[in-house]
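Trainee: Chains as they are written, first to last, in the working numbering: chain E, 1 to 354; chain X, 1 to 354.
Read the hints as simulated data drawn from the structure, not as lab findings.
You may find that some hints are simply not true.
As the list claims (entries may be wrong) - Now the stretches of chain X that chain E is said to cover, found in silico as 3 or more residues with beta-carbon under 8 Å:
(1) 122–132
(2) 297–307
To be verified - In silico BS3-like pairs for lysine-lysine, Cα to Cα no more than 27 Å straight-line:
(3) X:Lys44 to X:Lys3
(4) E:Lys111 to X:Lys104
(5) X:Lys105 to X:Lys206
(6) X:Lys112 to E:Lys111
(7) X:Lys229 to E:Lys104
(8) E:Lys229 to X:Lys112
Ideal Cβ positions, reconstructed from N, Cα and C, are used throughout, including at glycine.
What follows is the residue order along each chain.
2 protein chains.
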Amino acid sequence: MSKVHNFSAGPSILNQDVIKKASEAVTNFNDLNLSILEISHRSKDFVAVMDNAVALVKEILNVPEGYSVLFLQGGASTGFLATILNFMSKDGTGAYLNTGAWSKKALQEAKKLGNLNMVASSEDNNFNYIPKVYPISTNDDYLHITTNNTIFGTQIKKLPVSRIPIIADMSSDIFSRKINVSDYAMIYAGAQKNLGPAGTTLYIVKDSLLGKNDRTIPTMLDLSVHADKGSMFNTPPVYPIYVSMLTLEWLKANGGIEWIERVNNEKAALLYNEIDNNPLFEGTAAKEDRSNMNVTFVLTDESKKEQFDQLWNEAGISGINGHRSVGGYRASIYNAMPIESIQVLVDTMKKLNS
Amino acid sequence: MSKVHNFSAGPSILNQDVIKKASEAVTNFNDLNLSILEISHRSKDFVAVMDNAVALVKEILNVPEGYSVLFLQGGASTGFLATILNFMSKDGTGAYLNTGAWSKKALQEAKKLGNLNMVASSEDNNFNYIPKVYPISTNDDYLHITTNNTIFGTQIKKLPVSRIPIIADMSSDIFSRKINVSDYAMIYAGAQKNLGPAGTTLYIVKDSLLGKNDRTIPTMLDLSVHADKGSMFNTPPVYPIYVSMLTLEWLKANGGIEWIERVNNEKAALLYNEIDNNPLFEGTAAKEDRSNMNVTFVLTDESKKEQFDQLWNEAGISGINGHRSVGGYRASIYNAMPIESIQVLVDTMKKLNS
């Protein structure tokens, strides 16, 4: 079969070497003559996987001392809840920046379970920009942000200056660019974009902030419990963590964050350049807030839709339809997406006749 | 390499055909030329997996109308919490039967977040039996039971007669024997014993009981939300669900529950027979409560330990050390364990010199 250019928004493309190793481990893991799917999570072979995955996160993101790296379950949607239970005091308030569908889900949960202070929102313009000037009250327990907005194709380029702890949902741009972990009280991210397959969620959390909330925290949502047990309080999602470890090994071997940030900048520039120079297309996000992960664009002439859809289908492109709330197209160009696939998309855009 | 006889308590042995298909799907799923790890959970190919997995559960367990079958995340430990939030009213009480380490964790969570009524406990004798006579108050919201106790090797053979809804943690014996789903308000089970790899948790829940509790339920723990969205409220753990589907296909193709119950009875009888007839071994659980899934036994003469450990190691047996709270040995003989492997263990036990 010919190559598929997989622009899916997530679960999304993984590196081919990672996939090959991931497949092999299902039949024979570490030459044990056992599948990784059927070994105990307490076995030394899996404990080594967990330790290695944690060490790689720390190395690649330069995580300072005093932070725990956890691989848990439940997706970012559970992260919304973990944020509230671990960081919002019983009578306290969480400050939220509303930059898209996922931000909104996070803040709705805060409203449901506590008090919400929405510091700013770009919903007035269908979330096509990132609000930049807004007050942050030191009365609030934390500021919650979504660093990349998958659906709307925007990304926070500059972290707000905040005197309260910042908690960031980085599900769709973690490991795509340099970050300064010490700027955050907590970072959480569903694995299924830049880290691995669906089924595990990464937390990077400042230890000194845990165990201090006055809420009754259910055990499975208490991050101090998971930190104390090294993500092994209960059976972890073994295989998603293993594939995440392989992805982190791939990232490290190729040059880590400096390398991938440079590559991601090149990849995004290639596609945005075509969008800006081809009169048949236009981007939907404010230029200064454009995401390097999810590139959203529409046709300037809707009558060309059938022709364009046929062209990209023929080119082997998949997963490029925009989310229903934006329409048009969305090219998700996560870490594992090769620039060659983006070139195929750009060439296809050039082929569209005006 | 020679065959490994994998008696691990969980994550545990899977059928070899399942493993082969599971490995292939990682490189090329459904001939899409894409890995199952990198496709969208909204793609028609994965939606078909989810639909098939749910249909197989319903068929194999003969699930009546009015129950939802869900594949969620978080393990049985999250099931403890989902039980309380969805079924224990704000001022209500949960009744719990305490038959082992996992029962105890479930009831401790109830104590933490509400009111606990422990109807009976076998902790007085290190959980080596199942309490059978105890009052069940109709003032309590539900009765929670753990049908099989992995660590202690006991299993509930006869469901208590209860006028309040029964909620069962069946993590370690679901799909091993016939059950009458309509006897339960909810059944939940971590996949990693009889169903698939670690990373997904099965819920079978009576729809008419959902959405009626007076607690504020966080979205991700509200089973009515997941039931409404067919386990697709957020990104599901794609691969663990896929491998579970394969396991269910294997079970159905071989004859379903009737077949596996008969095989499990034969397998357990083979091993218990040796334990009862070999003077060098004795079982730790009360005979009438012995588990067909986890067979716990000790040496009658501890001085034989070194010799026995060497014998089973040489025979290619793995994962047979008992849990530290019982000591001795534990042979977990879940559905996928072939009787040939149990015969190897029995032969090894016979080889031990008196």
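Trainee: Look at each hint and say if it fits the structure.
Mentor: Now the hints, each set against the structure:
1. 122–132: Violated - the stretch 122–132 of chain X has 0 residues with a Cβ nearer than 8 Å to chain E, which falls short of three.
2. 297–307: violated (count 0)
3. X:Lys44 to X:Lys3: violated, 38 Å
4. E:Lys111 to X:Lys104: At roughly 33 Å apart (the allowed maximum being 27 Å), lysine 104 (chain X) and lysine 111 (chain E) break the hint.
5. X:Lys105 to X:Lys206: Holds - the C-alpha atoms of lysine 206 (chain X) and lysine 105 (chain X) are around 24 Å apart, at most 27 Å.
6. X:Lys112 to E:Lys111: With Cα atoms ~24 Å apart, lysine 112 (chain X) and lysine 111 (chain E) stay inside 27 Å; holds.
7. X:Lys229 to E:Lys104: holds, 19 Å
8. E:Lys229 to X:Lys112: holds, 20 Å
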